[in-house]
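Its first residue numbered -14, the sequence shown is counted upward by one per residue in the working numbering.
Don't read these hints as lab results, they were simulated from the structure. Mixed in with the good hints there might be a few duds.
[What the hints assert, rightly or not] Subject to a maximum C-alpha distance of 25 Å in a straight line, what follows is the list of computed DSS-like cross-link-like pairs (lysine-lysine):
1. Lys129 x Lys96
2. Lys147 x Lys83
3. Lys(-6) x Lys214
4. Lys147 x Lys167
5. Lys305 x Lys286
6. Lys83 x Lys96
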Amino acid sequence: MGMPQMYRKPLEDMINAGASYSKIALSLGVGKSTAMRWAVEIGANGKTNNKFSKLNKSQKEKFAEMFCGDCTYHQIMDEFGISADTVRLWANNLGLPKKKSSISEILTEDKHAELEKMFRENVPISQIALAFNVSEKRVRYWRKAAFTDLPKLQGTPPMFEKLPDDEKVELKQMYISGTPIKRIAEHFNVSESTIRVWLRNMNVKRKRINYTYEILTEQQKQKFVEMYKSGVPFSNIGDEFGVSGDTARRWASQKLCIAESERELTGSRARVASVINDKRRAEDFKKDYESFVSRDNMTVKYGITTYDFKKIIQALNIEKRDKNKVEQTRKIELLAGDMKSMSKAGKSNSEIAKALGVSEKDVRMQMGTSGYRNDGVYEAKKLTVLPVGERVWAIQPKNTKNLTLSYKKVPVTIEKVYPRFYDCVTDNGYHVSVQIAGAKRVMQ
């Protein structure tokens, strides 16, 4: 089975809007390769990531001017809303020369002297980067590559030492009162890791009590419920309210007492439900799994991912496949060609089994099937079965003096009829097996 129908309309809308495959995959909760495969199924492959073809002449000229000028990659990316890789791709499409990177290509002698002076005066890296319109990483590279005689950069005083005493007290009170780290970081306009370093310096600890939910207002609680029921991921809910995804999950189950059944199914949960809640698909899935159909074939057939595959097995309470049996099945599939050639050479099933190191039953199951394989499941064709006593042709080796084997067709009589082969007897009284699918009647 291909793409679930529920994803078709959103996929078409995003493709028509020019969204990238990465964005489509993130929105639908699937992998990038899955999004690309679905796009091929609906005949929309190649319609995404085509922003360059939509640029008009003035936009291309502006891009070329910015790229060949003093603009950095980040400025170009912000202007056109593209990634760094896309910037390089567009420049290559327009035949633009690569941007200058070495210090000798970018700076004149005057600029070089000015840069050296700023280095010796210990001007902060951020200010130098701003003055020369480059990244801080580029400035550090210049210092290391072109100014080897300069002393090492002196570390600036830690931010915590610069923090006023009243703000330290405020930080301590906010943390002890249960304010999330993310909210504290936003309040002080620093990163969350910086807040944690400050708290370690202050040796501040708070008890691990789940009372942070109480900081939500009634309006926030209502918004939380709406986001939860609409299927928004817990990580996104946590970002909205300044907590972790696990905390948001705990609020939903313990504080708000929202049942899981009230949550709208999206992403992986929707794909799993499309199999386990459909009786026919669930039975087909179980049958395929127990028939040792490969996992890759099953994920394609049911439109799921490897993670969904494991969840469905758990939900349907299916016993895990014996690894030895799986390996044996794959071994038999790989030997199918050898079995066929040996059978055509007149070898019996027991001889084939002994030569290839498999059981005679495996040989009968593999060679006695008339039809073709579709995702690991044999689909038998309708065959004309001849009655007992009918004469058919069999292949037997000739008696030769040299070591070269040759074969001959001999007429045999059907003695017993099995599901996939005849048990026949030769005129000399020897028993041979003839496949029903390939049996040819001896015309009297």
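Hint-by-hint comparison with the structure:
1. Lys129 x Lys96: holds, 17 Å
2. Lys147 x Lys83: violated, 43 Å
3. Lys(-6) x Lys214: With Cα atoms ~21 Å apart, Lys(-6) and Lys214 stay inside 25 Å; holds.
4. Lys147 x Lys167: holds, 21 Å
5. Lys305 x Lys286: Distance ~20 Å between Lys305 and Lys286 Cα, so the pair holds.
6. Lys83 x Lys96: holds, 21 Å
When each numbered hint is compared with the structure, a violation occurs for hint 2 only.
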